[in-house]
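Protein chains: 2
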Amino acid sequence: MTASRPKVVIIGAGFGGLAAAQALRKAPVDVTLIDKRNHHLFQPLLYQVATAALSPADIAAPIRAILAGNRNTRVLLDRVEGVDTARKEVRLASGAVTSYDWLILATGARHSYFGRDDWAEHAPGIKTIDDATAVRRKVLLALERAETETNLERRKALLTFVVIGGGPTGVEMAGAIAELARKSVSRDFRSITPQCSRVILIEGGERLLAAFPPDLSAEAKTAIEKLGVEVRLDGRVTALGPDHVRVGDEIIATHTAIWAAGVQASPAAQWLGAECDAAGRVIVGANLRPPGHDDIFVIGDTASCAGPDGRPLPGVAPVAKQQGRHVAAMIMDRSARPFRYRDYGNLATIGRRAAVIHFGRLRLSGFPAWALWCVAHIWFLVGFRSRIIVGLNWLWNYLTFARSARLITGEIA
Amino acid sequence: MTASRPKVVIIGAGFGGLAAAQALRKAPVDVTLIDKRNHHLFQPLLYQVATAALSPADIAAPIRAILAGNRNTRVLLDRVEGVDTARKEVRLASGAVTSYDWLILATGARHSYFGRDDWAEHAPGIKTIDDATAVRRKVLLALERAETETNLERRKALLTFVVIGGGPTGVEMAGAIAELARKSVSRDFRSITPQCSRVILIEGGERLLAAFPPDLSAEAKTAIEKLGVEVRLDGRVTALGPDHVRVGDEIIATHTAIWAAGVQASPAAQWLGAECDAAGRVIVGANLRPPGHDDIFVIGDTASCAGPDGRPLPGVAPVAKQQGRHVAAMIMDRSARPFRYRDYGNLATIGRRAAVIHFGRLRLSGFPAWALWCVAHIWFLVGFRSRIIVGLNWLWNYLTFARSARLITGEIA
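From first to last, the protein sequence lines are chains X and W. Positions in the first sequence are counted from 1; adding 1 to them yields my numbering. Positions in the second sequence are counted from 1; adding 1 to them yields my numbering.
Derived from the structure by calculation, the hints contain no laboratory data. Treat the hints with care, as some may be off.
It does not matter which identical chain is meant; a pair holds if it fits inside one copy or across any two.
Stated by the list, open to error - Capping the alpha-carbon separation at 25 Å, the derived lysine to any residue pairs in SDA-like fashion look like this: (1) Lys139 <-> Ser95; (2) Lys184 <-> Leu228; (3) Lys27 <-> Leu142; (4) Lys27 <-> Trp374; (5) Lys8 <-> Asn152.
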């Protein structure tokens with residue numbers, strides 16, 4: 002590497018940051034990728050860790066290992082404290098300072114509790130491995146406690162699981178919990194029968210999976226109800242505590258609420274002093290730059306970028322990946338071209354037998370959609386050695402209803 | 002189940018407790034198995050979780066799932082607070098009380114710091130999944146910090162790993178760390194080369210693997226030195242801090258010390274008010290009962306039971322399993338017979354190409370021993386679905402030197 006090569010700093014090794022780093026791997030630039038975790042996470046399958054079907058290592062790979070072949074790339078495990086756009090420097094928690102010629106912000110999003118951050122304690126979301134193992138612990142401990150609880154009211158509350166948010170994550174979580182609590186484990190417990198447990202899915206809008214066409218939303222609702230999930234549409238959560246969720250006027254006694262309702266972008270907008278939308282996403286132009294910053298790009302869940310219909314593009318992996326590659330191409334030929342999202346469709350899975358898929362004119366549901374979803378997800382785990390392992394785990398779970406990663410870690414009580 | 006059937010309470014679902022429960026599965030008794038964790042752990046492979054080769058779920062299975070077919074068995078996730086031997090009751094942390102006709106104590110052992118419990122913080126041991134992921138985190142973070150550390154002294158300390166204790170666990174840990182730090186990761190880091198890192202194995206006695214014949218100890222030493230591990234025999238640790246280990250007069254600068262030197266039995270002896278040895282193990286007679294208690298059995302690492310040579314039997318899985326089955330047989334026919342340990346030999350592995358095996362007259366070392374060790378361990382993972390997964394993971398690690406479970410969980414800094 003020579004000192005005169007431009008320095009590209011990428012913050013965040015999610016789908017967007019990693020795609021940018023990969024696209025730049027043969028470019029005459031020095032890339033520094035900074036992440037506060039040592040692993041890239043295949044977030045779309047995180048709910049399977051939370052419901053004990055997969056192990057964390059099945060869906061996460063060390064960033065260093067993924068980029069080991071990129072000789073122009075350095076990986077730093079560090080936390081970003083701020084960006085000095087005038088001096089073109091990134092300040093890190095370790096005290097180090099990294100200067101850039103080009104900066105790519107791909108820091109992703111966290112849950113948002115719409116101003117009720119005190120709810121986080123009672124209704125955890127799932128965005129990281131630690132989130133997912135915490136939810137897994139919570140779900141499994143509730144089942145364990147129900148097994149020995151003799152008070153019927155308390156037992157009912159322990160066996161009631163509430164998922165808040167009817168987007169793909171909420172639907173997937175509710176379906177997976179229903180299978181875990183109603184089928185997989187009932188064989189192993191002596192006093193829990195499948196009929197004992199309730200899974201309730203609460204959606205604030207008038208239908209599940211609002212990003213899909215209405216007929217697929219309706220099919221998803223039917224499919225998830227078949228798994229035993231109670232769906233509450235137009236349900237507004239007004240209170241949340243350790244032992245209850247309040248939806249409108251109804252109080253649901255539960256010890257296990259899970260949040261899948263909203264996200265908030267990471268503080269990249271504050272670092273830049275840039276304009277952001279209500280969800281904290283940096284508002285960028287068609288060339289993915291915030292106004293006034295020609296050397297900075299914001300991509301993925303961190304950015305609010307208008308799609309062809311004027312509405313912001315959704316926070317999904319394909320958008321982030323395509324934006325990462327687009328930014329890399331602009332850096333390589335020093336151009337500015339508008340980003341155009343190629344939409345290959347939407348998928349959501351419902352338990353282990355159904356899914357809905359919307360691919361332009363193609364609409365699939367039920368088992369064929371589920372089979373296609375499996376193939377697509379295993380396919381996209383490229384770069385993980387885990388493709389075989391995940392495939393085998395799924396096959397095993399499918400055939401036996403076993404949940405092989407049913408571990409409660411940490412001390413009890 | 003009828004009320005008149007004898008009640009057998011087993012505390013602990015390690016190798017001993019599980020073997021007893023399995024042997025009793027068709028007996029006309031009601032079995033209650035109590036453990037403070039929800040999973041049985043295949044402890045002999047825990048060092049592979051600590052060194053990122055396997056995932057926790059590969060070597061742990063829910064106790065309920067293992068015993069799901071035992072219709073006479075109930076599993077309780079709870080912590081034992083004490084035993085009332087007069088009333089024949091076990092008091093649990095949840096407040097529940099379980100009465101027994103027969104009690105089997107199989108609670109295992111923890112590390113012992115020989116009275117220096119303050120060392121635990123700086124030199125964690127590995128007995129549980131949480132221990133192993135904590136050690137994994139410590140080792141991987143040291144490598145990450147070394148990558149960006151510019152001060153040479155501090156960098157050297159970050160790349161120095163000290164394993165205390167030259168028994169099978171210590172030898173296996175040291176070998177696995179050497180491979181991780183010197184081979185697997187060097188490809189992924191930019192400023193760490195294999196020559197940078199040191200792994201030091203400290204043994205208080207005059208040879209490694211004291212339970213093996215002297216010639217195999219010598220072979221093990223040669224094999225582990227070939228992996229780049231420095232072995233210090235007759236080394237006494239006199240001080241331990243966050244950034245150093247003192248051995249005799251020498252101070253070794255290190256941020257990663259791991260304890261594999263001693264174990265202490267769980268407090269079963271206190272529950273009974275029974276006599277115990279220096280390691281806290283309950284002293285039992287040949288029929289595995291503590292004197293004065295005809296309805297209580299103590300097995301596995303919790304018991305001190307004299308072998309044919311008068312010395313206590315070693316704390317290994319085969320002893321615990323055979324004792325579990327022996328106790329079950331005595332309960333079933335209401336007899337008292339002396340326990341006789343059938344010794345099928347000793348194995349220890351050294352990195353990914355060598356092992357030593359002592360099977361009566363058979364002594365094996367090097368690659369043939371390693372191959373046999375692999376087959377034996379995969380074989381004994383019976384009852385786990387993970388046999389295939391562990392096999393594939395090993396094959397993959399062997400062929401590629403990759404460490405697939407290299408995850409740092411928890412927040413950094």
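Hint check results:
no. : hint              : result
1   : Lys139 <-> Ser95  : between (33 Å within a copy, 17 Å between copies)
2   : Lys184 <-> Leu228 : within (10 Å within a copy, 48 Å between copies)
3   : Lys27 <-> Leu142  : neither (49 Å within a copy, 29 Å between copies)
4   : Lys27 <-> Trp374  : neither (33 Å within a copy, 44 Å between copies)
5   : Lys8 <-> Asn152   : between (64 Å within a copy, 24 Å between copies)
Taken one by one, the earlier hints fail for this structure at numbers 3, 4, listed in ascending order.
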